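Enquirer: Each chain, letter by letter, is given below.
Number of protein chains: 2
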Amino acid sequence: MRVLVLGGDGFCGWPTALHLSEAGAEVVIVDNLSRRNIDNELEVSSLTPIQPMRVRLAAWREATGNEIDYHRFDVAQHYYRLLSLLREFAPDAVVHFAEQRAAPYSMKSSWHKRYTVTNNLNATNNVLAAVVESGLDIHVVHLGTMGVYGYGTAGMKIPEGYLRVEIRTDDGRRIEQEILYPANPGSVYHMTKTQDQLAFAYYNKNDKVRVTDLHQGIVWGTQTPQTQRDDRLINRFDYDGDYGTVLNRFLMQAAVGYPLTVHGTGGQTRAFIHIQDTVRCIELAIENAPKHGERVKILNQMTETHRVRDLAKIVSDITGASVDYVDNPRNEDAENDLFVENRQFLEMGLEPVTLANGLLTEVTEIAQKYAERCDRDKIPARSQWRAASVGAGLPADADQPSTAG
Amino acid sequence: MRVLVLGGDGFCGWPTALHLSEAGAEVVIVDNLSRRNIDNELEVSSLTPIQPMRVRLAAWREATGNEIDYHRFDVAQHYYRLLSLLREFAPDAVVHFAEQRAAPYSMKSSWHKRYTVTNNLNATNNVLAAVVESGLDIHVVHLGTMGVYGYGTAGMKIPEGYLRVEIRTDDGRRIEQEILYPANPGSVYHMTKTQDQLAFAYYNKNDKVRVTDLHQGIVWGTQTPQTQRDDRLINRFDYDGDYGTVLNRFLMQAAVGYPLTVHGTGGQTRAFIHIQDTVRCIELAIENAPKHGERVKILNQMTETHRVRDLAKIVSDITGASVDYVDNPRNEDAENDLFVENRQFLEMGLEPVTLANGLLTEVTEIAQKYAERCDRDKIPARSQWRAASVGAGLPADADQPSTAG
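Heads up: the protein sequence lines correspond to chains L and X, in order. By the numbering used here, the letter at position 396 of the first sequence is numbered 396, and the numbering carries on one by one without gaps. By the numbering used here, the letter at position 152 of the second sequence is numbered 152, and the numbering carries on one by one without gaps.
Warning: the hint list may mix true and false statements.
Put simply, identical chains are the same to the list, so a pair is met inside one copy or across any two.
[To be verified] In silico DMTMM-like links for lysine to aspartate or glutamate, alpha-carbon gap of 25 Å or less: (1) K313 with E332; (2) K205 with E43; (3) K157 with E176; (4) K157 with E178; (5) K208 with D39; (6) K205 with E176; (7) K208 with E88.
No lab work stands behind these hints: they were computed from the structure. Values in this document were obtained by computation on a predicted structure and should not be read as measured data.
Excised from the complex, chain L in its bound form (with noise of 0.2 Å):
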């Protein structure tokens, strides 16, 4: 089995790229580092002192014997580069974590807005030219989010990617269609994740690409077993207001004495995964690859739902912390339900690592352990998502965003 990891840099893609090593694949990782200059774009860094990727992919050949390749370039800029390691390698899956993936970052401004949408979309447009293009029959696997859905379904079970609905005709007839779920994004990040659904559908059925999408809640948590094999394999952790979950960032404000900030009555509903789940459900994906000719699979990646301010009071609980209510910058209801699907890991064998279980090791192994870097100023939110900021520190005439490395 030969995979092909596009940002595998990342906070997903690392740990991902270490399972499936681990677990006998040959791994080739693509990654432009645009995570790591985000940081200095940011002027942040990740709590955990992560290793440059040399020293990163030699800690792991020490550690298992296994080498993985390491590849430098921009998916969304350089189509031929990608489209000759395809037919070089030949994988038999690409994961596609090759996006950028902050809500927050993408309302930054409107730099910020077409940076994503360039990126994000290019990206995976390039995939999947490059996969046609090849004549090699590779399944993409890429990574989606629950955002797609919008978080207001009037009490129904949000199911995996396509909604059943009946159309009544002008004849009076009733038609039953199986559509892919009206997509209802709550930031820019969001919509290019729902204009990617669009490229998938469309190469699927044009092409006969096999695509799974995955449909990823919140990912929680820092290590897996592999990540923790040796210090210079530890995986990042964001705090700040733009990369760091809401979890992530309670945590930090435990550590460094802060009251937890919950934004407006935090009565948003959001899904969670832990990252142990998640690089265990992309291995589930590619050994259960959509057949020649199926639609695109969507499946739900998730494991459990809880409010904003109910997380709140589990670290709180655990630390001692106060909570503090704050303004919300985003444009979303105040309240939302959220029941979800997720039948289909579950039956492909997938075991949850719960919040209750495993988040007091996030906070001891990680949160406390590392305090001592946390930049306290970076852990509030900033991003709003209705001004018209300016793209920051931009020549006046500066060309379309890129991220040519």
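Please arrange chain X on chain L, whose structure you already have, making use of the hints.
Expert: For chain X alone, coordinates are given in the frame of chain L:
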């Protein structure tokens, strides 16, 4: 009334700019001349002898006394140029034609797929982000396509953009919802238009941008009363296999004494509209802008439907040409019905030019008049929907397609 016409040198953009100028609007055109450059690439040219932009604009000034300003830049690439122009000109409406608009061209090779995706999606996102960043209350009018609906509607009349569906909930209730009509694009070009729709919906929801999306049928006809005022104002007429629509190819085949080539059985039903009605529809769309807070207004911009083989018969009856049935390069159903709702424009006062009345003018005034300019080799459609053809003539390390001019 101030109107910015993006793509104002193109087949629809040019007569629209003139029509609005004559109707009293202050018009500014932006165009990167991509359509003329693509003629160079394809080694074809408009059957009609179109003039350079500055000649066109001088002729319009002579004919009417009206000034139309013109800026040559790429909307998909030069965001800050667009933003400055919005701030300086402060248009009431932006008419967005700045997209690659030929389905066969979008399927010629992986390079053409990628050019279409990056050009169209970045152009649309740039327009929306710039309108938001400008802080101005600008109505965005976009040329979409009937092709977003797909062509298999089980005998149902295609509504104007939104579809009322019933969903059964887990607890047995039925919820009625109006959703964006499920997308079913037939080419990479059409796919980008379905992705555009999600961008309009998002910016409308988050930023309250007022948007009208026009789902246009196949445009036929060449001239409008404005383009007829001076020979130098003549509109383009494309007959080649990529940009020439089915009707134009029939007209040319007849004019040069070739049989009319019908793809497959010719049972494909398509929607049509005359270019004079196109420009009138744009004017009506601007006059009937959505209110603040209103969702994206979607109108079907077409006036009649015909099966391709019936079109061939009409042209054959007028010209005496014979009809040839050849293989269909597209990946589509051989036969389809098409019923389209188009009440909104009719209620606004549109009085359609019908094929029955207008076609003879096209035969005599355009196809026969300029027949000696026709390159017969260029008439056949050569793009294959399923071939994995390479980007002809491109270096193997070429970057992302760019139209920087």
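Enquirer: Each hint needs a verdict: does it hold in this structure or not?
Expert: Against the structure, the hints:
1. In this homomeric assembly, K313 and E332 come within 25 Å of each other (Cα to Cα) only inside a single copy, at 22 Å, whereas the closest approach across copies is 55 Å.
2. Taking CA atoms no more than 25 Å apart as the test, K205 paired with E43 passes in neither setting, with 43 Å inside one copy and 32 Å between copies.
3. Taking the closest pair of Cα atoms, K157 and E176 come within 25 Å of each other both inside a single copy (19 Å) and across two copies (16 Å).
4. For the homomeric pair K157 and E178, the shortest alpha-carbon distances inside one copy (16 Å) and between copies (19 Å) are both at most 25 Å.
5. For a Cα distance limit of 25 Å, the shortest separation of K208 from D39 qualifies neither inside one copy, at 38 Å, nor across copies, at 32 Å.
6. In the homo-oligomer, the alpha carbons of K205 and E176 lie at most 25 Å apart inside one protomer (20 Å), although the nearest pairing across protomers, at 29 Å, exceeds that limit.
7. When the C-alpha separation of K208 and E88 is checked against a cutoff of 25 Å, the pair qualifies only within one copy, where the shortest distance is 22 Å, while the shortest distance between copies is 48 Å.
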